[in-house]
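S.K.: The residues making up each chain are set out below.
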Amino acid sequence: MYRPRDHESVRESAHAMSMSDIFNTVSPIGARFMKTIAESHDLVELCTLAPPGGPAPMALMAACQYLLIEAADKGAEYPPLGRELASFFPAFAAATHQTLRPVDHPDFTEILFNFCTNPTNRDRLADLIKTQTIQTTDVRRSSILLPAFLQVFHEARQRSQLLDVIEVRPPLPLSLSPLATPISHAQSSSDAAWDS
Amino acid sequence: MGLLTCWDSYNYQYLFDVDQLGASVASLATQSGATHVDVRPAGRHGDQHDPLVLKCNIRRASNPIPDDLAFHQSLLQVLSARQSGSSDAAIEIPNDLRFNRFALDLHFPDVDDEASERWMRALLWPEDFSVSEPRFRRAVSILKAQRHRTKWMEGDGLAALLDLLRGSHEESKAETPSGSARATVLVHSISLYQLSQSMRQQVEESCIEASRTRDIYRISYDFDGVLEGNDIMTRCGLHLLEYRQGERVSCRRIATADVFGYWIEFD
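So the sequence lines, in the order shown, correspond to chains A and B.
All the letters of the first sequence, read from the start, carry residue numbers 0 to 195 under numbering that gives the first Met the number 0.
All the letters of the second sequence, read from the start, carry residue numbers 0 to 266 under numbering that gives the first Met the number 0.
Chain A with its partners taken away, still in its complex shape (with noise of 0.2 Å):
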């Protein structure tokens, strides 16, 4: 359904997201990541694993952040280089006993770039990177689509219409595998009433 990957497509992509206006809004460390990314070999290298669907330049950023939660989570050891790549990182800079660095430091790029290559992490990154799909975890989004759904009601309504709802690639993309029914093989539900 996605677009075929390939290292000048995912360079390009880092190129454009580092530069957007968004990105640096959003996350000036997002868009020093994809700069980072954007001018390695071998950081595209890794990204171009990523599985189809979805920026693959933001799968390595996430690959990063999670051995970073992973660690705070477990209140494990952190990976070769985590502390200091957490030092960029807010939410871990205080918890690696680390004072925030600003993105723009200038060891910033020489840092991901070495905690993305240890062999170590490099190997944890790139599973990850294979086995995870890309998407926005952003639950806020639905308040923009709001307005549309209260039009749609507004006419369906007039219209004494019965809506069936299809979301594409949803933003927030929390199933049970059981639930997630092999299109090919796709079965009724029992109970059709589903509520509304």
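Careful, some of the hints might be misleading.
Stated by the list, open to error - Just a sample of chain A residues kept apart from chain B, beta carbon distances all over 10 Å, derived:
(1) H96
(2) I110
(3) N113
To be verified - Derived, one-sided and incomplete: chain A residues facing chain B with beta-carbon distance under 8 Å:
(4) I21
(5) S86
(6) A90
(7) Q131
(8) D137
(9) R139
What the hints assert, rightly or not - The calculated lysine-lysine pairs, modelled on DSS-like cross-linking and capped at a C-alpha distance of 30 Å, are:
(10) K129(A) to K54(B)
(11) K34(A) to K129(A)
(12) K129(A) to K143(B)
(13) K143(B) to K54(B)
(14) K129(A) to K73(A)
Hints were generated in silico from the structure; no laboratory data involved.
Cβ coordinates follow ideal geometry from the N, Cα and C atoms, glycine included.
Use these hints to put chain B onto chain A, whose structure you have.
M.R.: Here is chain B on its own, set in the frame of chain A:
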């Protein structure tokens, strides 16, 4: 899935400055001293259910909120009620509309799997993590309670789309009360840009084809230009498209919106 499974379970708060509203609602807002309007599921009052509250700013736009928009009409009603002393007035998301929900993607992460759940948290913005993580966890708990409301379908969504739009799926064939018809709402948010031009065309053609047998509404919240194949990755638009009798009959731009849902400007 956050939006369709849970969106009518959240409480919303649209914040505004009076001078950012059109004249018809600005005076009411001034008189009632309102700085925001609440939106919540019908029948829910106050915070007794510990709802997840999502805040969005209504920003200044070149035009006031259009009079014929249901959101505008609801806003007027709420502000009138507030002026009359009903401080708890809110736009209520109707609960008398029954609808089936389908979610379509190549793959859905397993929220009950520790690694998948952690991965979803890892996708949150680093700068916003301390704030957004608790919101995310709350959304997950709501979703876990309501996931049965949605039919989750993994696979090649494009291949399946036409049949789904037509209502060929079993749930869509449920008995329709006399005097009613069935219509389909297709929703995509910040995802169409990931498709090639030919794939986007296939989505459009599927909507047109499906509309020969039932009305199709399409809500597009995506980067500007994606509907025309001219992506502008710096801002997003909210569009409502309608298809009937084998044609796209309208494409209305409702608003310009922040890509992360922080603000909306009505067009």
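S.K.: All hints are to be evaluated individually against the structure, with a verdict given for each.
M.R.: Hints versus structure:
no., hint, in the structure
1, H96, "holds, 17 Å"
2, I110, "holds, 14 Å"
3, N113, "holds, 18 Å"
4, I21, "holds, 5 Å"
5, S86, "violated, 12 Å"
6, A90, "holds, 4 Å"
7, Q131, "holds, 5 Å"
8, D137, "holds, 6 Å"
9, R139, "holds, 4 Å"
10, K129(A) to K54(B), "violated, 34 Å"
11, K34(A) to K129(A), "holds, 22 Å"
12, K129(A) to K143(B), "holds, 26 Å"
13, K143(B) to K54(B), "holds, 22 Å"
14, K129(A) to K73(A), "holds, 23 Å"
The structure fails hints 5 and 10 (numbered hints given earlier, in ascending order).
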